[in-house]
Amino acid sequence: MVLVLLEHKDGEIKKSSKEAASFAADLAMSTGEKAVGLIAGGATNSNELGALGIEEIFEFEAADYLDSQQWTQVIEQAYQKLQPTFIVLSNNSLGKSIGGRIAVRLNKGLISNVIQFKSEESKPIFRKSVYSGKAFAWYAFQSNEGIISVMPHGYGVFPNKNKQVTASKIDISIPSGNVKLKERNLLKGKTPLTEADIVVSAGRGLKDPSNWKMIEELADLLNAATACSRPVADAGWRPHYEHVGQTGIAIRPNVYIAIGISGAIQHLAGVNNSKNIVVINKDPEAPFFKAADYGICGDLFEIIPKLNEALRRAK
Amino acid sequence: MRLLVCISKTPDTTSKIRFDADSKNFIEEGVQFILNPYDEWYSLVRAIEIRESIGGQVDVIHVGNTSSDILIRKALAIGADAAFRIEDEASNSTSVAYQIAEFVKSHPYDIVFVGKETIDHNGSEVGSKLAAFLNLPFVSFCNHLEITNNIAVCSMEIDGGNEIIELNIPFVLSAAKGLAEQRIPNMKGIIDAKKKPLNVIAKVNVENHSELVRFETPAAKSGVRMIDPDKLDEMVDIFKNELKII
Chain P
1 MVLVLLEHKD GEIKKSSKEA ASFAADLAMS TGEKAVGLIA GGATNSNELG ALGIEEIFEF
61 EAADYLDSQQ WTQVIEQAYQ KLQPTFIVLS NNSLGKSIGG RIAVRLNKGL ISNVIQFKSE
121 ESKPIFRKSV YSGKAFAWYA FQSNEGIISV MPHGYGVFPN KNKQVTASKI DISIPSGNVK
181 LKERNLLKGK TPLTEADIVV SAGRGLKDPS NWKMIEELAD LLNAATACSR PVADAGWRPH
241 YEHVGQTGIA IRPNVYIAIG ISGAIQHLAG VNNSKNIVVI NKDPEAPFFK AADYGICGDL
301 FEIIPKLNEA LRRAK
Chain D
1 MRLLVCISKT PDTTSKIRFD ADSKNFIEEG VQFILNPYDE WYSLVRAIEI RESIGGQVDV
61 IHVGNTSSDI LIRKALAIGA DAAFRIEDEA SNSTSVAYQI AEFVKSHPYD IVFVGKETID
121 HNGSEVGSKL AAFLNLPFVS FCNHLEITNN IAVCSMEIDG GNEIIELNIP FVLSAAKGLA
181 EQRIPNMKGI IDAKKKPLNV IAKVNVENHS ELVRFETPAA KSGVRMIDPD KLDEMVDIFK
241 NELKII
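Chains as they are written, first to last, in the working numbering: chain P, 1 to 315; chain D, 1 to 246.
Any given hint could be a false lead.
Calculated lysine-lysine pairs in the DSS-like style (CA-CA distance at most 30 Å, straight line) [to be verified]:
#1 LYS16(D) x LYS14(P)
#2 LYS161(P) x LYS188(D)
#3 LYS74(D) x LYS275(P)
#4 LYS240(D) x LYS14(P)
If we take Cβ atoms under 10 Å as the criterion, some of the chain D residues that face chain P in the derived model are [to be verified]:
#5 ASP20
#6 GLN32
#7 PHE33
#8 SER93
#9 SER124
#10 PHE138
#11 ILE147
#12 VAL153
#13 SER155
#14 SER174
#15 VAL200
#16 VAL204
#17 ASN205
#18 ILE246
Far from chain P, some chain D residues (derived; all Cβ distances over 12 Å) [as the list claims (entries may be wrong)]:
#19 ARG51
#20 SER53
#21 GLY64
#22 ILE70
#23 ILE119
#24 ASN149
#25 ASN168
#26 PHE171
No lab work stands behind these hints: they were computed from the structure.
By construction, the Cβ of each residue, glycine as well, lies at the ideal position given by its N, Cα and C atoms.
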């Protein structure tokens with residue numbers, strides 16, 4: 001049995017969890033096991049989970065907020081009852097805060113930030129991104145069991161399976177927590193940068209924060225999230241949570257569009273796992289062009305309004 | 001307040017990433033090593049700021065051999081009071097976390113800081129494993145920390161926002177950007193650092209449950225396809241028919 005932790009927000013299963021579910025289902029298929037999900041009560045959508053390849057769902061009752069020790073208790077008790085071989089989590093903010101703790105508590109291995117697996121010498125091996133996207137590493141568990149956390153956008157969501165899902169309750173007693181939640185602030189109406197399929201990002205080439213209007217317009221036309229480079233965030237032109245790169249957020253969208261960003265290695269470290277990179281820059285020598293799939297060399301102040309216009313025409 | 005900052009060494013961001021013939025080992029030759037930025041810029045500086053405002057002791061701990069001493073001295077020059085080095089190769093996150101936990105069990109601290117990840121393995125594993133070995137709460141991706149009467153109020157980065165939480169000491173914290181501002185060591189700091197204690201501790205072995213099969217470098221990009229800035233309809237066509245995003 002491969003057990004996947006499914007998180008939901010307002011009853012909707014999170015995209016990062018759907019990705020973990022797809023990974024778990026494919027892993028289970030390759031090892032001849034069954035993929036089962038663990039979810040906080042009330043959020044089971046059988047059709048959706050069946051399409052992702054989940055065959056059985058275990059629902060537990062929990063408060064809206066659990067701290068990392070309480071989450072670990074949930075997984076630990078589910079493990080004791082279900083005895084899965086592999087436990088799959090998303091390597092999102094929750095996965096990063098509990099992955100290592102679960103591994104220690106269960107005395108098992110953790111392979112984190114995984115993007116792929118394959119079978120080699122009759123056991124699964126797992127590929128992860130290392131050196132800030134400049135290399136990959138394949139890891140294996142010493143025994144055929146362990147904890148895997150899947151990099152957001154690293155694997156993909158594949159709702160092409162057709163399983164019948166049975167749901168049942170699992171009794172988990174959650175101890176009182178050591179952490180008190182005072183506030184949770186989420187950006188309203190915006191897709192979190194780490195979950196966005198398309199990201200439009202701009203840098204110092206924009207010259208002034210007032211010039212971001214055309215960037216936001218492009219992002220709206222493409223239904224994309226906006227991001228920025230470090231100097232722009234440091235100058236206060238854009239909020240810090242938009243900063244992608246070495247010290248900011250690392251992302252792996254389907255399409256990353258970099259405008260007026262030269263492509264310093266520290267910036268590339270946060271984005272070079274993107275599946276497709278489009279670079280718009282006036283400097284033909286900008287290092288970013290070497291990492292790009294598509295490039296437009298020219299004055300962004302002319303290109304972006306024209307591109308927006310062309311996109312409007314195409315819609 | 002007793003504060004412990006875990007510091008690790010990583011190749012500088014601009015380093016060339018190369019592996020040996022069987023793809024098992026990173027080639028260190030010609031590589032410049034630095035203190036992991038999250039440890040140096042955010043963890044260490046915030047710990048020093050807390051000592052400056054409410055008093056206490058800031059110690060740093062590192063798992064590595066004597067070649068790390070120059071980096072440990074840098075942490076002392078920035079303002080740590082004393083350093084501990086566990087004489088072992090930092091071979092995996094379980095071993096690092098376990099050995100630091102064993103040290104902390106005999107030298108209790110109020111807050112143990114780690115960086116949110118190292119910039120080489122990007123695992124983000126040591127902090128949560130350390131918290132587990134110590135059975136302490138873990139504040140991950142912390143970008144703001146205030147302490148009043150042994151109660152901490154922290155802001156944690158979560159996907160798409162942040163959470164403000166409150167908890168009592170002791171706990172383990174992983175530092176993200178925003179927690180503090182980088183400090184450059186000054187001349188007095190560098191001179192003082194030479195006199196500060198750097199204690200070496202023997203290693204402790206622990207079982208690891210996963211193993212590296214091999215490293216791999218990504219296939220080179222096939223080359224950028226340039227689009228004429230006067231023919232942006234071609235870019236729109238790519239969005240539509242190749243990337244399928246509109």
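Against the structure, the hints:
1. Distance hint between LYS16(D) and LYS14(P) is unfulfilled; the C-alpha atoms sit about 37 Å from each other, more than 30 Å.
2. Restraint check for LYS161(P) and LYS188(D): the C-alpha separation of about 65 Å exceeds 30 Å, so the hint is violated.
3. This hinted pair does not check out: LYS74(D) and LYS275(P) have alpha carbons roughly 38 Å apart, beyond 30 Å.
4. Under the criterion of a C-alpha separation no larger than 30 Å, the hint pairing LYS240(D) with LYS14(P) is consistent with the structure, at around 27 Å.
5. Against a cut-off of 10 Å between C-beta atoms, the interface hint on ASP20(D) is violated, since the closest Cβ of chain P lies about 13 Å away.
6. The criterion of a C-beta within 10 Å of any C-beta in chain P is not met by GLN32(D), whose closest approach is roughly 13 Å, and the hint is violated.
7. For PHE33(D), the interface hint is violated, since its Cβ never comes within 10 Å of a Cβ in chain P; the closest pair sits about 13 Å apart.
8. Given hint, SER93(D) at the interface with chain P, holds; its Cβ is 7 Å from that chain's nearest Cβ, closer than 10 Å.
9. Restraint check, SER124(D) versus chain P: the minimum CB separation of about 5 Å is within 10 Å; hint holds.
10. Among the interface hints, the one on PHE138(D) holds; its C-beta lies about 5 Å from the nearest C-beta in chain P, closer than the 10 Å criterion.
11. The closest approach between the C-beta of ILE147(D) and any C-beta of chain P is roughly 15 Å, which is over the 10 Å cut-off, so the hint fails.
12. The interface hint given for VAL153(D) is met, as the beta carbon of that residue sits about 7 Å from the closest beta carbon of chain P, less than 10 Å.
13. This hint holds: SER155(D) has a C-beta 9 Å from the nearest C-beta of chain P, less than the 10 Å allowed.
14. Proximity of SER174(D) to chain P holds as hinted, the smallest CB-CB distance being about 8 Å (cut-off 10 Å).
15. For VAL200(D), the suggested interface contact is broken, since its CB lies about 26 Å from the closest CB of chain P, more than 10 Å.
16. For VAL204(D), the suggested interface contact is broken, since its CB lies about 15 Å from the closest CB of chain P, more than 10 Å.
17. Checking ASN205(D) against chain P by beta carbon gives a least distance of about 15 Å; that is not within 10 Å, so the hint is violated.
18. Among the interface hints, the one on ILE246(D) holds; its C-beta lies about 7 Å from the nearest C-beta in chain P, closer than the 10 Å criterion.
19. No Cβ of chain P comes within 12 Å of the Cβ of ARG51(D); the nearest lies about 24 Å off, and the non-interface call holds.
20. Listed as a non-interface residue, SER53(D) keeps its Cβ farther than 12 Å from every Cβ of chain P; the least gap is roughly 21 Å.
21. Residue-level check passed: GLY64(D) sits 18 Å from the nearest beta carbon of chain P, beyond 12 Å.
22. Residue placement check: ILE70(D) keeps its beta carbon more than 12 Å from all beta carbons of chain P (closest about 22 Å).
23. Chain P draws ILE119(D) into its interface by the beta-carbon criterion, the shortest separation being 6 Å against a cut-off of 12 Å.
24. At roughly 15 Å, the least C-beta separation between ASN149(D) and chain P is larger than 12 Å, which holds for a residue marked as non-interface.
25. Distance to chain P contradicts ASN168(D) as a non-interface residue, since its nearest Cβ pair spans about 7 Å, not more than 12 Å.
26. Residue placement check: PHE171(D) does not keep its beta carbon more than 12 Å from all beta carbons of chain P (closest about 8 Å).
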